[in-house]
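Q: Sequence:
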Amino acid sequence: MSIDAGTLQPVGLFTGQHVLAELEGVAAELLDDERFLTDALNSALDRSQATVCDVISKRFEPQGVTVLALLSESHASLHSYPENGSIFVDVFTCGNRAQPERAVHLLAEALSPTNVNCRTIRRGHDYETGLT
Numbered sequence: 295m296s297i298d299a300g301t302l303q304p305v306g307l308f309t310g311q312h313v314l315a316e317l318e319g320v321a322a323e324l325l326d327d328e329r330f331l332t333d334a335l336n337s338a339l340d341r342s343q344a345t346v347c348d349v350i351s352k353r354f355e356p357q358g359v360t361v362l363a364l365l366s367e368s369h370a371s372l373h374s375y376p377e378n379g380s381i382f383v384d385v386f387t388c389g390n391r392a393q394p395e396r397a398v399h400l401l402a403e404a405l406s407p408t409n410v411n412c413r414t415i416r417r418g419h420d421y422e423t424g425l426t
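295 is the number of the first residue of the sequence shown in the working numbering; add one for each residue after it.
What the hints contain is simulated information worked out from the structure, not anything from laboratory work.
Take these hints with a grain of salt, some might be off.
[Stated by the list, open to error] Result set (SDA-like, lysine to any residue): computed pairs, CA atoms no more than 25 angstroms apart in a straight line:
1. 352 with 327
2. 352 with 340
3. 352 with 382
4. 352 with 371
The structure presented is a predicted model; accordingly, all values stated were derived computationally and were not measured.
Work out the full structure, taking the sequences as your base and the hints as a guide.
A: See below:
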């Protein structure tokens, strides 16, 4: 572990949070809108203290969109199924600075699902308790 001279925050911690979510009951138009989903993911990640390095997206025929974000902290992805009104969300961040649960919450706000199934997996070491 080292300290970032600019922020005085620890870097290189082998710890992270992996948030996996399924959002259902989302308007098909939103789930098939590549620009909207890309902007929503970028905004949610930015507002959650994640550092976005690059984002790529692809709209499929006849429907569906995948958005992938490369983060300094790891990655985030969206996979939409407009025909079902559903979307898979995956946000993994290493370290303790970024807030992946907040990112998923903000995406849910933007998409207004009728149902959200979300779980967080703690990965790596727990530096606060010393557990691995």
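Q: For every hint, state whether the structure bears it out.
A: Verification of the supplied hints:
For the hint pairing residue 352 with residue 327, the CA-to-CA distance comes to about 10 angstroms; that is within 25 angstroms, so the pair holds. Using a Cα cut-off of 25 angstroms, the hinted pair residue 352 and residue 340 holds, with the two alpha carbons roughly 21 angstroms apart. Straight-line distance between C-alpha atoms of residue 352 and residue 382 comes to about 15 angstroms, which keeps the hinted pair within the 25 angstroms bound. Taken as a hint, the residue 352 and residue 371 pair is honoured in the structure, with Cα atoms around 12 angstroms apart against an allowance of 25 angstroms.
Comparing the model with each numbered hint stated earlier shows that all of them hold.
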